[in-house]
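Trainee: Letter by letter, the chains look like this.
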Amino acid sequence: MNPSASDQAIAVRNVTKRYGDFTAVNDLTFDVQRGEIFSMLGPNGAGKTTTIRMILDILKPDTGQITLFGSPISDRTKERIGYMPEERGLYRNVPVIDVLGYLGQLKGMSAHDAQTRARALLEQLGLEENIKSKVSELSKGMQQKVQVIATVLHRPDLVIIDEPFSGLDPVNTQAIKDMLYEMNREGVTIVMSTHQMHQIEEMAHRLLMVSRGKRVLYGNVQEVRDRFAEHAIIVEGEGDWSALPGVASVDPGDNGREVVLHLREGFQPDDVMQALAVSSEYHIRRFELAVPSLTEIFIQVAGNNHVPEQL
Amino acid sequence: MSWEKIWLVLRREYLYNFKRPSFLFTAFGVPLLTLVAMFLIFTFTADRETNLDNWQRVGYIDRAGVIDPALAVENDVTFQPVTDPALDTPAADAPDDERRAYFDALEASAAQQVAADNLDAYFVVDEHYTLNGQVTVSSERNLPAALTSDIEDFMRAQIAAQAPAELPVSVERLSDPMSVVIRDLDNDEELTETMLVGRIMLPFVFVFIYFMATSTTSQFLMSGVVEEKENRLMEILATSLRPLELLWGKMLGLGALSLTQVALWAGAGVVLASLHEGASELFSGTTFQAGDILLVLVLFVTNFLLFAAIMMAIGAAVTAEAESRQVASVITLITVAPMALLVTFFNNPDGPLPLFFTFFPLTSAVGLILRMGLTTIPTWQIVAVLAIQVVSVLVLMWLAAKIFRLGMLMYGKPLTPRTFWNALREGRVVLTTATESQAELPDNLPQKRSVGR
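Each protein sequence line maps, in turn, to chains Y and E.
The first sequence begins at 6 in the working numbering and counts up one residue at a time.
The second sequence begins at 4 in the working numbering and counts up one residue at a time.
If we strip away everything but chain E, and leave its shape as in the complex, we get:
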């Protein structure tokens, strides 16, 4: 084999398919759109929720009498009591009715002040606040989350100031009594809730990326072979290089393209994690160690080769691209079966079906990665999966090379399994060419010709 020619084919397949609009969109468009969307969310939504520059004039009406105006509270916004010079403040021992009438009038005044743009917002501490904790915030605009958070902090500080000094529980504990910590008994590490979501979700993300990358590029491979067959380029190529050189060049070229896609997506993930604290925490929840990443990569390569071998064989065996897509969709269906039956993984990740998907060559990568997030996989299973993968790759590549050699010069007639089986059994190749069509064969001959190869 000439590595120079393999390199030429590899480079051509890589560059040609890299420039395809569908690849550019999948590889760059999807991560870019995600990043842009995240950026927009952070820039506009987050800013709107956290920026309190336009919310500096917020008043309060304390019907319960729990707020001490003299208490210094560290907040972005300094809250002031709502006042109205036209209203007389009732005496401390004034009857309840009088006090209620005063606060009603003060609320009406506050509403007018907001309408006149003298106030941005005001909040009313309910008369029975100590019992019901009710605080009503009024404004003409949508309230940012940061403001309600500030009001909460303000009220907490007020209550804390009034709590008995000997109270053994802090006010913070009273207001937020539970902070969940999840301990992973496998490696004795503590997880936050976000990290836990990451632990379960990330394998799905891996599976998705893996699936997109593999299926996109292996379909490119298939349609490339079909195109070369359909337009008879194969015959010209066959006079320039050996079938195995062509096969390896294509596989390696599109394999590299597939890895490029994964790298781009992974890069986008890293950028996302560095931009957003939450995403970073999500990623940190994964149980994936360096060894796991290596395993995923190995599975990625073996599964790509399996897929590519199958797609190339389909491309060589069929006569038209539409036909090839139909056959390929069956293979794709088998591969996504673990995703369709996801619930079985959640119910019992070590159950018979998830185990089957782990060992079945076409679903190994998806099955194993999905289980990684849900259970601890015994070493023997990983070894067995890798062994099955390597054997399957060798067998399928061998078959694909046979089919490729058989089918590459067959025009207008599909390569049937029976024909292929006969060819394998006899060690011979059966083909019919377009230029020597069957109709012109003598009548007493079978409608196929065997060619020693």
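Excised from the complex, chain Y in its bound form:
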């Protein structure tokens, strides 16, 4: 697939950013397609926040080019972005509705529109009782929800959220997740930077992993996982696993119940499945490809044993 510029919400091309002698972002290239949920991940200090700040025009890249919605960043395009930084806060001694009204107006909304929409979103997230409360009077979870509202208040076309679920309980996590899904269904592009791999697996369509400023993984989430899949299968049940055709070796699994069957060259998991299906000597409770979780991939890639991916 080679998407046209009009399909791209963000296009980052060969962007490099140096802090003195240290290269924070090194020749980074990636796209975020319109309407997708895109995830950025990487160890601390990998260059994620620097990249986000360059996208937001808070920092200028040393070299390379960034375009938003097909054109260079301008005040107009900035108004189409909603950004929620990782470490967040709002004016503490100001009523919630006033903070939201102010931030909405700064994003180009009229005072009336900002107030009306803020009220609607506060009601949607169960904060209708707290419209006039000061931010400092709210619980951490409530503040987090207000922060999310501040991010999406002006109906942005692109939402960039750093660690959207940190500090949230499962109920509030689900509430925010539902809101993001709903916005995404309406066509809003969402970029998440997070360490919570299971959230990426669940939510993101595509991902970018950076390490030491370089792109190390990029693409469809499932494709990335498949790329890291071992030539092996995981089974649970009873039988003589080594006697199966194509099985090179058998390793006990981590939990004591499952076993990992490593396959010989030229054999596919389907061959093993067919052999199991026709044999009465095997009793199978579980059969799956040995695809690593994103967490395992993250550890493997971020553990410096991985050569940066070639485009």
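By construction, these hints were calculated from the structure, which means they are not laboratory data.
Watch out, some of these pointers could steer you wrong.
[Claimed, not checked] List of simulated lysine to aspartate or glutamate pairs, DMTMM-like, C-alpha gap at most 20 Å: (1) 182/Y / 41/Y; (2) 405/E / 62/Y; (3) 65/Y / 41/Y; (4) 145/Y / 233/E; (5) 139/Y / 230/E; (6) 182/Y / 92/Y; (7) 182/Y / 103/Y; (8) 139/Y / 128/Y; (9) 22/E / 142/Y; (10) 139/Y / 120/E; (11) 145/Y / 162/Y; (12) 145/Y / 103/Y; (13) 145/Y / 230/E; (14) 22/E / 62/Y.
Given chain Y, put chain E in place with the hints provided.
Mentor: Same frame as chain Y, now just chain E:
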């Protein structure tokens, strides 16, 4: 730059800080309390001192024989001689002892009449009044000032009636021989003593108002920046507007707040002057002309911008509000230095130290206004001060904008002068962010990162 966004920031900063309890107290509370205090003083104290409704029965005992009961004296209170039917009035040629015994008995009777509430007070003209002028007033209550003043007028009239017709000096002149008039040779105007006090005092009042207004609002500015930095709002704001829009919005918003405070205080001053004759006279003593007021206003604006630029830079450079207050207090100390060394202004307002304070940008407003009340300032000095102010404002605003841009995204690490200097020299900005903490940088790298800006 978008003026619409500057206006949004301006309005938000103005309204938010206007509602702060500390501002409300300084802006409204202080002048209001002053007015209420003045009102109470006028209503109660002044009334008590001037109202003679309860002092209509005042008698006198004339031991010296200087009072002519038939003489009509215009007074609020008509004084009557103390009498007692039980006592026989001694004959005009009665011996002194007999007369003294009579007056002693009359005084005792007068005291009893006061105790019985038949008299409000009585005064005794001493036997040797013509020599010692002694008049003793007795009462069971505190005497209002108006009553003693009435007794004085009464006695003056009595003496005047007896003075020789050919006396070339009026009795009033005898009783109050000196009326001081001070002539200002600069503009040949006559000043009363109250006006003279006003001439010296008013610059202090101006300085006080100016100082309160500037320091209060510029500290609001600083704490606002620190708050936005501390709670990371700055990063959100940075995606909504440009740093210079934020900086100008804040400066103008708080500048307007500062002017509001001055206007409120000045308004209170005008009300006070219209209420009280003395205050009015005090104000009229000032040498301030329209041009001087304009100069003070210009200095007010330039000095506010200087202060605001410094406070904003401090706010952007530090990491916590407590830290910012410490740094800000040093700046405040410098600014109040002319007040602390006030005596040098009185000794010689054109001396080296007052001159230094006049030209040093941070103390110009205070130094110049203080000198205005004490000396005539040459035009060249005023021009030089204004030039220095404008240049300082431009330089400091430029520096503040640099520091603001540098510091606004620096969390958890203060902006050191060295870092800033390096950034200025290289035309680059050096920053470290919290999200990319230093500890995670490779070991062989310096503990800071330079960012081209």
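Trainee: Within a Cα-Cα threshold of 20 Å, do residue 145/Y and residue 230/E meet the stated pairing?
Mentor: holds (18 Å)
Trainee: For the pair supplied as a hint, residue 145/Y and residue 233/E, is the alpha-carbon distance within the 20 Å limit?
Mentor: holds (16 Å)
Trainee: Compare the distance between the alpha carbons of residue 139/Y and residue 230/E with 20 Å, and conclude whether the hinted pair is satisfied.
Mentor: holds (15 Å)
Trainee: For the pair supplied as a hint, residue 22/E and residue 62/Y, confirm whether the alpha-carbon distance does not exceed 20 Å.
Mentor: violated (34 Å)
Trainee: Would the pair residue 145/Y and residue 162/Y pass a check requiring their Cα atoms to be no farther apart than 20 Å?
Mentor: violated (27 Å)
Trainee: Hinted pair, alpha-carbon criterion (20 Å max): residue 182/Y, residue 103/Y. Please report holds or violated.
Mentor: With Cα atoms ~25 Å apart, residue 182/Y and residue 103/Y exceed 20 Å; violated.
Trainee: Assess, step by step, whether the Cα of residue 65/Y is no farther than 20 Å from the Cα of residue 41/Y, and give holds or violated.
Mentor: Violated, because 25 Å separates the two Cα atoms, which is more than 20 Å.
Trainee: Residue 182/Y and residue 92/Y were given as a pair; does the straight-line alpha-carbon distance stay at or below 20 Å?
Mentor: holds (19 Å)
Trainee: Holds or violated: residue 22/E with residue 142/Y, Cα cutoff 20 Å?
Mentor: Given pair residue 22/E, residue 142/Y holds - Cα atoms ~18 Å apart, limit 20 Å.
Trainee: Hey, residue 405/E versus residue 62/Y, does the alpha-carbon distance stay inside 20 Å?
Mentor: Satisfied, since the Cα-Cα distance of roughly 17 Å is no more than 20 Å.
Trainee: Check the hint pairing residue 139/Y with residue 128/Y against an upper bound of 20 Å on the C-alpha distance.
Mentor: Between residue 139/Y and residue 128/Y the Cα gap is close to 16 Å, so the pair holds against 20 Å.
Trainee: Are the Cα atoms of residue 182/Y and residue 41/Y separated by 20 Å or less?
Mentor: holds (14 Å)
Consistency with the previously given hints fails for numbers 3, 7, 10, 11 and 14, ordered from lowest to highest.
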